[in-house]
Amino acid sequence: ILNVEQSPQSLHVQEGDSTNFTCSFPSSNFYALHWYRWETAKSPEALFVMTLNGDEKKKGRISATLNTKEGYSYLYIKGSQPEDSATYLCALYNTNAGKSTFGDGTTLTVKP
Amino acid sequence: NAGVTQTPKFQVLKTGQSMTLQCAQDMNHNSMYWYRQDPGMGLRLIYYSASEGTTDKGEVPNGYNVSRLNKREFSLRLESAAPSQTSVYFCASSVGGASGGLRYEQYFGPGTRLTVT
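Same order as they appear, the protein sequences are chains D and F. Quick note on numbering: the first sequence equals residues 1 to 112 in our numbering. Quick note on numbering: the second sequence equals residues 1001 to 1117 in our numbering.
Since the hints were derived computationally from the structure, they do not count as laboratory data. Fair warning: this is a prediction, and the values are worked out from it, not measured in the lab. Relax, there's no trap hidden among the hints.
No more than 16 Å apart at the CA atoms, straight line, and that leaves these computed lysine to aspartate or glutamate pairs for EDC-like:
1. 111/D to 84/D
2. 42/D to 1038/F
3. 42/D to 83/D
4. 111/D to 83/D
5. 57/D to 1105/F
6. 78/D to 17/D
Coverage of chain D stretches by chain F, computed from C-beta distances (three or more under 8 Å per stretch; other residues unrestricted):
7. 43–56
8. 81–94
9. 101–112
Built from N, CA and C at the ideal position, the CB exists for glycine as well.
The following block holds chain D by itself, in its conformation from the complex:
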């Protein structure tokens, strides 16, 4: 079982603040890393698929970077809005067999 760690566990910010959180993983046998957004009472929704060292992906105010050599990915949210409140999960694939390991998530609360 791979050890995928996310930090911090929770984060409270004010509307308009920018924030970031980390997903750490074993760098050996890296294949792909995904970020998901999970709102309360809904299902996880895919944000990014990252595969190459140095990848940077962006969707609106949310962006992510990947460093496979040191085993981490950052997720950034610029100008947080209350609707960004959710749990953000990362999931690691270390082979192409289809099985991923999820971190426990970072729960973001954005106060108006």
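Place chain F on chain D using the hints.
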């Protein structure tokens, strides 16, 4: 497209009862997954099916069985439910497989909330 559908949405079982959770996807995905989500914990993989005809254990397979009925459907069976199996169960699918390249993002169903008393 409906995406990933799960039935039932809610279920209450008594200890020792059995039931099957159904999952279907209409995206022609190769891989399908069953997760459980418990308070304060992330998603834990119970079983997965990388492609039609194959199934493999995940992190927490004990007490469960699965069937990949065809490419669309992947069911999860609890043979003798226990209170420790009270959880929210999510089914997911992804393109997966050798032909899917690196696009392995998973698409999740709405979840089944199961309570075992």
